Amino acid sequence: MNKLHPYLIAQVLACGDLLNTAVKFVGDDELWFKPAPADWNIHQVVAHLRDVQRDLFLPRIVMALKAPGTPVQPFNADAHMQAHYSADEPFDKLLGDFDSACQQFAAKLQALDEAQWRCHVQHPKITNMSIEWLTWHTIGHTYEHISQIISNRDQYYLKTSEVSKV
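Residue 162 in this note's numbering sits at position 129 of the sequence shown; the count goes up by one each step and never skips.
Check before you lean on any hint, since a few could be wrong.
As a list, the in silico SDA-like pairs of lysine to any residue whose alpha-carbon atoms are at most 20 angstroms apart [unchecked claim]:
id, residue 1, residue 2
1, K57, D125
2, K141, K192
3, K57, K141
4, K141, D130
5, K192, P92
Distance ranges between label pairs, derived from CB positions [as the list claims (entries may be wrong)]:
id, residue 1, residue 2, range
6, D62, T160, 26 to 36 angstroms
7, H117, S180, 17 to 27 angstroms
8, A43, G129, 33 to 43 angstroms
9, V95, Y176, 20 to 30 angstroms
No wet-lab data here; the hints were simulated from the structure.
Just so it is clear, the structure is predicted and the values come from calculations on it, not from any experiment.
Glycine is no exception: its CB is placed at the ideal position from the N, C-alpha and C atoms.
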């Protein structure tokens, strides 16, 4: 394992804590707030993070190891949300499932030798998605949606605070 790989593993493991920090003390109204009608609320964002980590990124690592070069299809997040999202799913369960998926992802990474980090699946637009690339991508994907959560919280605060009503 090169020097970068332990860092990447640590970052994947930290994703659960980062998400928990981003939603700490989120109130019920804030959880369901949508900045615009087509936007996702925080509950939906966390459901998406969990689904993608557990049902897309993790299986792609397994696939890359078992059958390198296997073709994969692009993921349509909005279509997946429409087909699979449940507003009734407990928020704490979503957070726990995401953290568990991150731990499983990291455990797979910890078992890899140097050559296995280069195993890949074949995406029609991205081409070779190596396990190392998928690892960088899962970290970036988590940060992207944590930024979205922070933005939702900012917009909720601005809409509901006394300052905005003056």
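Is the straight-line distance between the alpha-carbon of K141 and that of D130 20 angstroms or less?
holds, 17 angstroms
Is the hinted pair K57 and D125 satisfied, with a Cα-Cα distance of at most 20 angstroms?
Answer holds: K57 to D125 is near 11 angstroms, not above 20 angstroms.
Cβ-Cβ distance between V95 and Y176: within 20 to 30 angstroms?
Because 24 angstroms falls inside the window, the suggested range holds.
Quick one, are K192 and P92 close enough, alpha carbons at most 20 angstroms?
violated, 40 angstroms
Taken at face value, is the distance from the CA of K141 to the CA of K57 at most 20 angstroms?
violated, 28 angstroms
Check the following: the C-beta atoms of A43 and G129 are separated by a distance inside 33 to 43 angstroms.
violated, 20 angstroms
Keeping to a limit of 20 angstroms between CA atoms, is the pair of K141 and K192 held or broken?
Measuring from Cα to Cα gives roughly 43 angstroms; hence the hint is violated.
Holds or violated: 17 to 27 angstroms for the Cβ distance of H117 and S180?
The hinted range 17 to 27 angstroms holds for H117 and S180, with Cβ atoms some 23 angstroms apart.
Mind checking the hinted window 26 to 36 angstroms against the Cβ distance between D62 and T160?
Violated - the Cβ-Cβ distance for D62 and T160, about 44 angstroms, lies outside 26 to 36 angstroms.
The structure fails hints 2, 3, 5, 6, 8 (numbered hints given earlier, in ascending order).
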